[in-house]
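Engineer: For reference, the chains in residue letters:
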Amino acid sequence: MTEIFWLIPFVPAISTLILAIFGSKLSRKYISFQACFAVFISFAISIISLVGLMQMPQGSSPLVKNLFSWIQSGSFKADLSFQFDPLTAVMCFVVTGVGLLIHIYSIGYMAEDKSYARFFTLMNLFTFSMLILVMASNLVLMFVGWEGVGFCSYMLIGFWYEKHAAANAGKKAFIVNRIGDAGFLLGIFFILIHVGSGEFSVINEAIAGGSITQGIATLIALLLFVGATGKSAQIPLYVWLPDAMEGPTPVSALIHAATMVTAGVYMVARMNALYTFSGTGANVVAIIGAVTAIYAATMALVQNDIKRVLAYSTISQIGYMFIGCGVGAYAAGIFHLYTHAFFKSLLFLAAGSVMHALSGELDMRKMGGLRKYLPITYPVFLIGAIAIAGVPFLSGFFSKDAILTSAYAQGQYGIWLLGILGAILTAFYMFRLIFLTFHGKERLEPEAKAHLHESPKAMTIPLVILAFFSVVAGYIGMPVVLGKNVNWFNNFLAPVIQGGHGHEAHLSIGTEWLLILISVAVALTGIYLAYVFYLKKPEIPKKLVSRFPFLYKLLYNKYYVDEIYNATFVNSTIKGSKFVYKNFDLKIIDGAVNGSASATSFFGMILSRLHTGLIKDYALVFLLGAIILIGYLIF
Amino acid sequence: MNIPILSILIFLPLTGAILFIFIPREKTNLLKYLTVAVTVLTFLVALPLYFNFDGSTADPQFVETAEWIGYGINYHVGIDGISLLLVILTVFLFPIAIISSWTSIKDKIKEYLIFMLMLETGIIGVFLSLNLFLFYVFWEAMLIPMYFLIGIWGGKRKIYATVKFVLFTMFGSLLMLVAIFFLYSTYYKASGIYSLNIFDFQKLILDPGVQIWLFLAFALAFAIKIPLFPFHTWLPDAHVQAPTAGSVILAAVLLKMGAYGFLRFALPLFPDAVQKFLPLLAVLCLISIIYGALMALIQKDIKSLVAYSSVSHMGLIMLAVFSLNFEAMEGAIYQMLNHGLSTGALFLCVGILYERSHTRLIKDYGGVSKQMPVFSAFFLVCMLSSVGLPGLNGFVGEVLCLFGIFKSSHILAAIGVLTIILGAAYLLWMYQRVMQGPITNDKIKSFPDLNKREIGFLIPIIIMMFWMGIYPRPFLRKMDASVTHLLHQIKSRTSVSASVQKEEKKLITKTKEEKTEESKEKTNILLK
Amino acid sequence: MIPLSYFIILSLVLFVLGIIAFFIRKDLITQFLSVEIMLNAANLAFITFSKSASALDGQIIVFFVITVAAAEVAIGLAIILLIYRQKKSIKTEDIKSMKG
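Order-wise, the sequence lines are chains E, A and B. 44 is the number of the first residue of the first sequence in this note's numbering; add one for each residue after it. 70 is the number of the first residue of the second sequence in this note's numbering; add one for each residue after it. 7 is the number of the first residue of the third sequence in this note's numbering; add one for each residue after it.
If you are wondering where the hints come from, they were derived from the structure by calculation, not from laboratory data. There's no promise every hint is true.
[To be verified] The calculated label-pair distances, taken between Cβ atoms and stated as ranges, are:
(1) B:Ser103 with A:Leu113: 57 to 63 Å
(2) B:Leu10 with A:Trp137: 37 to 43 Å
(3) A:Val279 with E:Asn637: 32 to 38 Å
(4) A:Leu236 with B:Ala61: 52 to 58 Å
(5) A:Gly261 with E:Leu629: 37 to 43 Å
(6) E:Gly457 with A:Thr509: 30 to 36 Å
(7) E:Leu629 with A:Ile138: 43 to 49 Å
(8) E:Arg408 with A:Arg542: 32 to 38 Å
(9) A:Leu113 with E:Ala87: 43 to 49 Å
(10) E:Asn347 with A:Trp171: 44 to 50 Å
[Said to hold, decoys possible] The calculated BS3-like cross-link candidates involving lysine-lysine, where the alpha carbons are at most 27 Å apart (straight line), are:
(11) A:Lys560 with E:Lys120
(12) A:Lys439 with E:Lys157
(13) E:Lys484 with E:Lys585
Idealized CB from N, CA, C, for every residue including glycine.
Take the sequences, apply the hints, and build the full model.
Structural biologist: Below, the structure is given as structure tokens:
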């Protein structure tokens, strides 16, 4: 049954096609049924294939299905071919599994929306593109998915395009992503030139066989990573993600938390041999990841918009995944991707549920004390927050701990320290969010309070399922100190991670326990601080703000990065272009053209003066001409 | 099978145009249907060409020759892998262009249709001619209908635009005529035979110094047509003023003739000069790419935005052509088709908007998506095709072009890759201002969505966009042999003169070596 | 025998007279006549040289010139007549429609 794995992406594709063409004529019920059912079938095939993959004997070659030769011209060759290996299996599981839940959630969330068909068409299209991305067996096809998810993200962020902010955010996301893609494309070209093929298996062989130098490998790794910073919202191309929250909440959950934004991590893990071989490339990944993790966390501290806090949190968490990949613990990075998909989409969907209850309110200053009104949303939100904060026995704890331990084991103490610092901040801002939203005084607008209600079942059931996974998903990858074979996840991914130098070695059991204790302590400290700041003594934050107004403003305005980018890149480009257009295109080039035309007619006017119209004048000229001619002939 | 299929292809539209003289002008519907019938028939005639075309050889196929004026001026047509696809593109777009102007052209409809048919004949003739004189005749003949199309059915500044268009093109092509005559006389002196056959000229071995001037004359004519920076300013004017169908044909096919000219004449005839001017041309292309994109970014008029985007895209295509490697060349030809489809489609979309609102200024629009959801989907696909989103045609061409450029120069590719960022920026920004946001203008609220005719002429383009993006094989395979042959011609003929130089160098080095050996011997003797 | 130079001088004198007349007179008819005088001066020169060189070419050319002159007179007079009808004048100063 495993051979049919290549059908996984095509089911949503067919559904997309049907919805795109007939969407306006179908009933709402049918549309949502078909969209969810398509994802469900993909999910089912993914599970079947996953099971098949686990039963396969160790060392067997990965499953590859080559459909047809897509582009072939000279040495440029790209096939439409898919592969299914453990890494793809994990990704497929996340994409279709979480995707299915979010599709179901959307039935409730989007029930009132006019463009129901468009929404589900795009969600299916997104699922298709994302599956292409994770299943592609070569870089060029992966790039197709890479751009495809970018496009869906553009369309879905700008789903409510009547709002300027939404249309702007969509455009910004696409263009910033394209900047990354340009680098990514150059990276692909380098690989195609130096390796001769974009197939992952060939690339890995080439690296193992030493057919590219370390310098080239680093260059490729960095170029590909430029693409990853765009897609996965890392410094310096993260600016689009907070704005992307203009889209519907299920979109934020699916695309901007669980799947698309983690594509960069997937790519780095997929190219692990390259990054490990390059060394420098991996270090850059780790450093960018660590810096982003803490940088985004600081911005999350002061935001008042519930979704924006989550957005910065996502950026920060992806930073952790990159730390994992950068220090060589690719399995840990992917493990965090996998757990993060559950708890972050849970948080987003729960936030959507809060919004739904409050008729679209996003500002935490206008919430508070909601826990009694939202009996399902509150506990699941809490579970999500605990999971992301890294409290033991929930999924986030295992994955984050795996990453930080690896960083420490690799001797990257600076990165480890940044990670720990980020962990405090994470726990702090998540519980700030919880306390401001669900605890304390009610600060609701009277109008919103009148409509206050818990969300319908279509929304709460996925929340509960996600909450369940947020708790248990981590148990397949427990720390090695608990026993040799408990880290099933690492073992499962091992065949894919050729270059990784896992974290099992190097650390004594004592150190490892110590590290675990530190991260637990850190998480609890963060939560306690948030408790003190926002429940026990709510005057502290205000005092801090008045004490450090500059720092607060800096954080609140997101370090003014948007403003700086606008001033330096966007405005200067537009102003410069306008200047050149007016002064060069219209004045110099067109001026030269029009000038030559008017010069011609000017000379014509001068010459026409000679034509007096008098016969005698003409005869005189004629005579003179004749005399000169005769003179010339004689002398 | 001895059907003169190429001649039918060339002269079928012209025959239709002549037939129209006998139809009274009041019968507009009959005229319109007949025109569509003629163009569709032309398309159908071209289809067997595609299927019977043998992709494994680079020789021109379906060749027809006939005596004409004599002294080498003969009727000589044929088709190869490069012209085949461009001809198909032309005959594919003509019915669409004519259907698109079904209601927008109201006065002098008979003349309009006659000029459109004449234009089609001219364009097909250019792509099929293998005799330089014949080529020149078609090249110039095609200007006449275009001149009138812009000049009569154009916008407010139509006279300025059309005169500018004709003067620019004439200026270049006159120099080309001089160069053709020079080639003609050189060949006569060398062989004693009057000939204007391209293949005869390709056998000529010209002095590199002479080649430079000839190449410049040809290159100028083609560079103006493409148009490369800084010869581009006729394009926005012509596009903005031309009627929709005129813009479509202008962007989709006429610009390609410049690129085709480089591929067919300038590159294989003057390989040494090409090598010499390569850096200059590459820089011009690069400037075109960036400059066109930046200018597109700030245009206030949708049509001139698309026109500048053409400058940018054609810059990329030419940069790929000048990279002189297989992938780039195939990518360039493929991208020509893509650009024809996507830019043509964009102009059609703008035309649809213009028909409803009679304005082309971006600021007069806003929130059109809400009023015209079907149109917004079509427009989106056309735009994405132009942006080069994978899965649509633009990506395949763009990625091949960039890869080919990358192969010959990493730096050029690194700058050229900016096109994918800027391309997204100006088109998406335009789309946002026109289609998204709240409805700002009350006029927009009365816009009807697409009617069946409009959907009908957009759908074939959309289908082609997907097909060419998902399964480009049938198109790429048709050009393989021709491209290989072209590259071989350029490389082998440069190596003729280059090898002479090399031999000279060898001689010099040999003598040097001898000398060093002698001196060694001397030192040896001395040491002894 | 009258010496050759006499004929040539006569021809020259006639030609110069024609030129002078053309430039000092102001009405088209007289100018036209002076052109005829110049033509005949040329004819005389042709015949003279033809006789002295005893070749017939010159005489043949003279016939041509006479024919052309006749045609010219016919058309020229017609044009002058038409100009007079339109402008009521055949003064050269009044005819300036070719002014650039």
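Engineer: Compare the structure with the hints numbered earlier in the document and write down the numbers of the violated ones, lowest to highest.
Structural biologist: 2, 5, 6, 8, 10
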